[in-house]
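Engineer: Sequence:
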Amino acid sequence: MGEALARVLVVDDNEVIRQLIAVNLQLEGFEVHQAVDGEDCLARVGEIRPDVITLDVMMPRLDGWVTAARLREGAATRGMRVLLITARAQEDDIRRGQEIGVDAYLTKPFDPTELIRLVRDLAGRDRAGSAG
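In terms of the UniProt record's numbering, the sequence shown is residues 1 to 132.
Please keep in mind that the hints were generated in silico from the structure rather than gathered at the bench. Hints are not guaranteed to be accurate.
Using C-beta positions, here's what the derived DEER-type ranges look like [to be verified]:
1) 121 - 14: 22 to 28 Å
2) 112 - 58: 17 to 23 Å
3) 43 - 113: 30 to 36 Å
4) 124 - 46: 19 to 25 Å
5) 72 - 108: 18 to 24 Å
Cβ coordinates follow ideal geometry from the N, Cα and C atoms, glycine included.
Required output: the full structure, derived from the provided sequences and hints.
Structural biologist: In structure tokens:
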């Protein structure tokens, strides 16, 4: 067995969607970890050190907007690739994601092939050099 393509943290409060994303990525050879919401993501991101984070927007406790903004503020997490996955696809939402600095946007319902393509693309682009 070869090394995993990249480490991905899947963040979604809906277990069915979280599992769907995780299974699709695992079948493609990604190392997948899961978090149930933004707080869980921020608590675990330091130990997991994912290459890519798939982040739902509408979540309890800490939504995807706030989570993405906090990831961009942290020195250790600033370079992590963030893919927002959401049913909210209005132009205002996309603009807000761009202002926060998310790397890509995928709308629900999504095509698993598109998800895999985006994650693979993001994982292949090193942002800040993962030294440490």
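Engineer: Hints first: check each against the structure and report whether it holds.
Structural biologist: Hint check results:
no., hint, in the structure
1, 121 - 14: 22 to 28 Å, "holds, 24 Å"
2, 112 - 58: 17 to 23 Å, "holds, 20 Å"
3, 43 - 113: 30 to 36 Å, "holds, 31 Å"
4, 124 - 46: 19 to 25 Å, "holds, 23 Å"
5, 72 - 108: 18 to 24 Å, "holds, 23 Å"
No hint from the list above goes unmet by this structure.
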